[in-house]
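*Asks:* Sequence:
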Amino acid sequence: MSLRAHFLKPKFFFGGLVIILLAGLSQLKPDIGLTTNRATTPIPTFNTNYIPSNPDLDHSLVTPTIKQNSDSGVQPQSQPDQELIEISEELEGMETSTSPVEQTSTNTVLVTKIIDGDTIELETGQRVRYIGIDTPEITKGKKECYGQSAKAYNQDLILNKKITLIKDVSETDRYGRLLRYIYLDDVFVNEQLVKNGYAYAATFPPDVKFSNYFIQLENQARSLGLGLWGGCSSVDSITASSDIPQADQTDCPADEPIKGNAQSMIYHLPGVRYYNQTKPEECFANEQAAIDAGYRKSKI
Numbered sequence: 001m002s003l004r005a006h007f008l009k010p011k012f013f014f015g016g017l018v019i020i021l022l023a024g025l026s027q028l029k030p031d032i033g034l035t036t037n038r039a040t041t042p043i044p045t046f047n048t049n050y051i052p053s054n055p056d057l058d059h060s061l062v063t064p065t066i067k068q069n070s071d072s073g074v075q076p077q078s079q080p081d082q083e084l085i086e087i088s089e090e091l092e093g094m095e096t097s098t099s100p101v102e103q104t105s106t107n108t109v110l111v112t113k114i115i116d117g118d119t120i121e122l123e124t125g126q127r128v129r130y131i132g133i134d135t136p137e138i139t140k141g142k143k144e145c146y147g148q149s150a151k152a153y154n155q156d157l158i159l160n161k162k163i164t165l166i167k168d169v170s171e172t173d174r175y176g177r178l179l180r181y182i183y184l185d186d187v188f189v190n191e192q193l194v195k196n197g198y199a200y201a202a203t204f205p206p207d208v209k210f211s212n213y214f215i216q217l218e219n220q221a222r223s224l225g226l227g228l229w230g231g232c233s234s235v236d237s238i239t240a241s242s243d244i245p246q247a248d249q250t251d252c253p254a255d256e257p258i259k260g261n262a263q264s265m266i267y268h269l270p271g272v273r274y275y276n277q278t279k280p281e282e283c284f285a286n287e288q289a290a291i292d293a294g295y296r297k298s299k300i
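Numbering (my numbering), first residue to last: 1 to 300.
Below, simulated BS3-like cross-link-like pairs (lysine-lysine); rule was C-alpha separation at most 27 angstroms, straight line:
#1 Lys-279 x Lys-167
#2 Lys-113 x Lys-195
#3 Lys-162 x Lys-113
#4 Lys-195 x Lys-143
#5 Lys-195 x Lys-279
#6 Lys-167 x Lys-113
#7 Lys-143 x Lys-113
#8 Lys-299 x Lys-167
#9 Lys-279 x Lys-297
#10 Lys-195 x Lys-162
#11 Lys-299 x Lys-279
#12 Lys-161 x Lys-195
#13 Lys-113 x Lys-161
#14 Lys-167 x Lys-297
#15 Lys-143 x Lys-279
#16 Lys-167 x Lys-195
Just so you know, these hints were derived from the structure itself, not from any lab.
From a predicted model like this one, the values you see are computed outputs, not experimental measurements.
The task is simple: from the sequences and hints, build the whole structure.
*Replies:* Here it is, written out as structure tokens:
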């Protein structure tokens, strides 16, 4: 039998065909994925030190921020403006005439005692002096005209009731009493006392938010002869409370022109803001005399 005929036998023919097919498949394996050792695409890593080249970006911020997503509601974190922080810190110590309603120092407390027309005592034992007004004196052995009436009016308004205390600028006076505006629900107590002739307007910077308003109310009550303006003599009616020394003065003598506010321990020079509105509690010939007495210069 010839060699060709030998290999044409069925078993040899099919065996050779299988070998040829296997050889061809071995060349195709990388392309059709028949190996388990195929190379995979590398996963990129996040470089936290990468600084983008976009000149519109702030390159000083190397900490990644969260991108705003309208669906997730996550907001980007922002860095505070250092200049604004410094300005805010500087303003905190300044004397400013801001609305007492805008102050955060507010609280509601029970009134347990009426000292006089402009001073009360709270359930905590703390005393409160009304801002911007002054009533006739009834303590320290001094009984001024309409002092008892002012106390009685104050008592009828708020004794054993819860009031809201609102701060202006100062926290306390030199006696340690809280300085506050008083509200009973929607009733502004300081206002009612002046409006109905039980108190005078008394301006003591830096707590001056309602000073002009109280002066208008006093003038109105005076013109109508309400309260002390109709029931007291002219001598009695201009006498202010003795817990504020020399509060009946409206100006200092020419040789001592500097006005001292004993509540805030601040002195005011002629020509500065609020000088004309300030009732002098002490007068000084020069700034050094005021400083030696424990006062500091007004910043406004």
